[in-house]
Each structure stands twice: as structure tokens, then as C-alpha cells.
Amino acid sequence: MSALRAATRSVLRSRPTAVFGLRGSVRGYAEVPSDKIRLSFTLPHQALYKDVDVVQVNLPATTGELGVLAAHVPTVEELKAGVVDIVEESGATKQYFISGGFAVVQPGSLLSINAVEAYPIEDFSADLVRSQLAEAQKNSTSGSEIDQVEAKIELEVLEALSAVAK
Amino acid sequence: MTFWKEAGLTYNRYAAIAARATRRALKEDKRILAERREQMDIRAAKWEDGKQGEYKDIKTAEASA
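In order, the protein sequences belong to chains A and B. Quick note, the working numbering runs 42 ahead of the 1-based positions in the first sequence. Quick note, the working numbering runs 87 ahead of the 1-based positions in the second sequence.
Among the clues, some could well be false.
Per label pair, the in silico range of CB-to-CB distance [as the list claims (entries may be wrong)]:
no., chain 1, residue 1, chain 2, residue 2, range
1, A, Thr183, B, Gly137, 48 to 56 Å
2, B, Asp128, A, Thr104, 29 to 37 Å
3, B, Lys143, A, Val146, 20 to 28 Å
4, A, Lys180, B, Met88, 21 to 29 Å
5, B, Asn99, A, Asp77, 19 to 27 Å
6, A, Asp127, B, Thr147, 18 to 26 Å
Derived by calculation from the structure, the hints in this document are not laboratory data. Glycine is no exception: its CB is placed at the ideal position from the N, C-alpha and C atoms.
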């Protein structure tokens, strides 16, 4: 009887223990650690970060540059075209250029960034930015009113991009 | 009030134009994948006397309407 019990016990022990996947982000905290923010950075077609604990996020808000750290006051900010810096737990900084969107800080250090388009800065071509910029500048002074307004919007985006694209 | 709002554009339109500008500035391979997101094919058919007309793509359908 005790042999059977010992046998089952050894079978259970020899079963490979579950690997608690530490692949980048550890999920499952009930609360965010006191020195981190839980970031969700999503696009309509893709989630770049989903509930990832990071150290700091810098945002290009329409009201100015905004740095979000742990325990930031809850706020809703409209974002303009610009660079989002994310300082991850490992200390590495990732930068994404966004076309625009919104950032929401909720109580408990939860940050949600929603953007329409976001790409790492390396994915942009400085030559294309320059040629688009010239085109948009030309269009912003000629053509119908709507065309001029559209060109002005493109100018804002491209000027922000030309400051960072290499 | 922002300049685009004064001109009559909605936020959605503004966001779409800004997104289009960023997509066009991407490097070759990423740009091709991104520009697929802009493509929209809409077809319309005109109804007359309870009968559905021929399907045409939206531009020609609007032009002939």
C-alpha cells in the first residue's frame, strides 16, 4: 500500500514542472509594482505592448512633452505626431514614431496608448520624408481649401518626422 | 479650435491623413505592407422601381448618380 503511494508520489514529482514563462513580460500581478507602469500600446491592427510593466514613457502630447512614471495622476491626453519613448524594465529604451492618437493614464499606474500608426524610427526613410515634405509645402499654398488643409496636416507630421528620421 | 476643425474636417479624417503621411514615409518593404491598410474597395448599385441596378465601384457610381 505504501509502495503504491510512494510510486504515485514519485510519478508526480518526475513530471516536468511548469515553466513560468518569463518571456519578456511577467503577467499575473494583481497590482502594478510601485515603481513601474503597466503599459498597453495598441494600434488598430496590432498590439505593440499588452500589459507590460515598464519604467517610464515619454509622450508627444498636443499640450507638450509628457513623461509618465509610476503613480502618475490620471489623465487623458491627445497625442500629436511624434516620438514615444519607452524605458523598459531591462533599461533598454524603445522609440516609436506615432502618427497621432490618445494616451490614458488610469489610477494604479495603468497607461494605455492608442495610435493609428506607429513604427520604430529606423523604419523611416529620410529621403522619402524630404520629398514628401517638399510636395506638401507646395500643396499647402495652392489648390482647393480642403487640399491645402490636408497638406497642412501632412506638413505637421512630416516636420516632426524629419526631426528624427535618418 | 484647430485649423482642420475650422475647415470642416472631422478628427477621424485628420487621423487618417496623418496616418497616410507616416505610411508614405516608410522604407520600401514596410511601406508596401502598410499601404495595404489604406486600400478600400466599395461597390454600389442604384435601385430604381424596386430593381437593383448594376454594381459599380464607388467613384463611377457616385459620378453617374
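Results of checking the hints against the structure:
1. Thr183(A) - Gly137(B): 48 to 56 Å: Given range 48 to 56 Å: holds, Cβ gap about 50 Å.
2. Asp128(B) - Thr104(A): 29 to 37 Å: 34 Å, holds
3. Lys143(B) - Val146(A): 20 to 28 Å: 42 Å, violated
4. Lys180(A) - Met88(B): 21 to 29 Å: 26 Å, holds
5. Asn99(B) - Asp77(A): 19 to 27 Å: 38 Å, violated
6. Asp127(A) - Thr147(B): 18 to 26 Å: 47 Å, violated
Comparing the model with each numbered hint stated earlier shows that hints 3, 5 and 6 do not hold.
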